[in-house]
Amino acid sequence: MNQFNEFHQGTGCREFRDKLSCALEGRPLPKQLSSLAWHEHLVACPSCRLLLEREEALEVLLATLPEPKLPPDLTRRLVARLSEEDAGSEPGDASGVGLDDLLDVAGAPVPAGLGARVRAGLRSELALDALLDLDSEVVVPPGLSADILRGLSAERRPPVSRLRLVRSAPAYAAAAGFLLAAVAISFWSGAFRGEEAETPKGSTEEVAVLQTDAAPGEALGGPEDSLLAVLDLIENDELWLDTQDGAELAAGELDLHLLLSDSLEMSDELLLTYIEEDLDEIETPSGG
Amino acid sequence: MATDYTTDRGVQLMLAYQQGEEAAFDQLVEEYSGQVFALLTRFLGQRPGREDLVQEVFMRVIRSRDRYEAKARFSTWLYRIVFNMAVNETQRSSRTGFLSLDQPLGDDAEGGGLIEVTDGNVENPSDGMERDDVVLAVRQAIADLPEQQRAALILAKYHETPYVEIAEILGSSEKAIKSLIHRARETLRQSLAPLLHEGGMV
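Protein chains in written order, with the numbering used here: chain A, 76 to 363; chain B, 351 to 552.
By construction, these hints were calculated from the structure, which means they are not laboratory data. Ideal Cβ positions, reconstructed from N, Cα and C, are used throughout, including at glycine. Check the hints yourself; a few may be wrong.
Unchecked claim - Cβ pair distances, simulated, as ranges:
id, chain 1, residue 1, chain 2, residue 2, range
1, B, A366, A, I260, 43 to 53 Å
2, A, L125, B, G384, 18 to 28 Å
3, A, A221, B, V437, 25 to 35 Å
4, B, S444, A, E115, 50 to 60 Å
5, B, T356, A, G218, 51 to 61 Å
6, B, R413, A, R89, 49 to 59 Å
7, A, G218, B, S523, 37 to 47 Å
8, A, E230, B, A366, 17 to 27 Å
9, A, A119, B, G399, 25 to 35 Å
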């Protein structure tokens, strides 16, 4: 594959262009490519000369020069010199190495006019850059970052994830336990009073049956399911014991809170409100 | 061989933010919002609402907080967000009838877009071409470039982004970027030819 295929190809062109590709892409040049070979091909091949001029010609040529011949600040001086010429001053050798000298590498013949065309190509690059540089500044509105931060303040409020809510506030978690217990107990002592003494342990199904018995008009699902889950838990004495002892809720029970708030479609805020209300209630029991 | 990007200032800030340091995000906005604004301005033109887009960019930074990984310089990662959003924005604009950069902007009623260089000036650009007119002509020429060329040229020329990073931002190869920029410059040389010859620059 070659990026220069649009140009006519003659003998040796492929090799030349592959190497030019290497040079342009900053890959190491194959060893067999001497600067002499470059120039020999260039002399013979007008198509490749055209191509070279279109590319970053000067850089490529400079890259092929034997190292010792290159003064360290060559490129800078060259550009400076070309700029001087642009500015209308007389070209002179005093300011540095002449472009024609540069092109005349190792005695290789250089096509007539190549230097001038390379120079023109380079100038055209510089001119384009100069033109683009005219628009170098974008005016950023003052106070932009402050505005952005202000605009993002709502987004940045730490997410009140349910898990984090419970974890970060063990008191709320415990309170949630009390709430659930209270709800469940009132349920129990009201609707299931008759069954209380002998409720068999474990089966959610059995509780579900009881519940449908007690409230025949209501379909099961959503909140009911959650309450059943609570009942189930109480039956197994887990929630009850934990909340009685005031102990921190176990991980399994955290899931229960999540389940409850999810199936009731409670928002975090609402859940929080319930928990808070219930805390108040627990602190000042109303004798029920 | 994985490059270590943790010496990059932006990466350090982003990682600190990821660890919960809120002030690091403030610092990111402080240091990068100007660049993001400039990039959007160059890419989309002087259209209104660019500040909102900058905000949107940083919104995405916030949302990427948990899954961010330091796989590139921070600016590379950030510019990729900017570029994706800018492309979405141009598509949205063209759908909703707002000015699109892929169309001539001369009849932009908002007056905030790029101003058309009048036909009268083309024939003899040195007549009455003030510096501002030249700047507008340059912007218009850049705006007329195809999207990818425009993005590559802007990043290379005005944000001094290395080719390899432009390739990452635009999801392309370094070689393709080189070619894009070459073609972009070629097109600019042609469209700006009257200005290149004017003012003795050639």
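Results of checking the hints against the structure:
no.	hint	verdict
1	A366/B to I260/A: 43 to 53 Å	48 Å, holds
2	L125/A to G384/B: 18 to 28 Å	43 Å, violated
3	A221/A to V437/B: 25 to 35 Å	28 Å, holds
4	S444/B to E115/A: 50 to 60 Å	53 Å, holds
5	T356/B to G218/A: 51 to 61 Å	31 Å, violated
6	R413/B to R89/A: 49 to 59 Å	51 Å, holds
7	G218/A to S523/B: 37 to 47 Å	40 Å, holds
8	E230/A to A366/B: 17 to 27 Å	18 Å, holds
9	A119/A to G399/B: 25 to 35 Å	58 Å, violated
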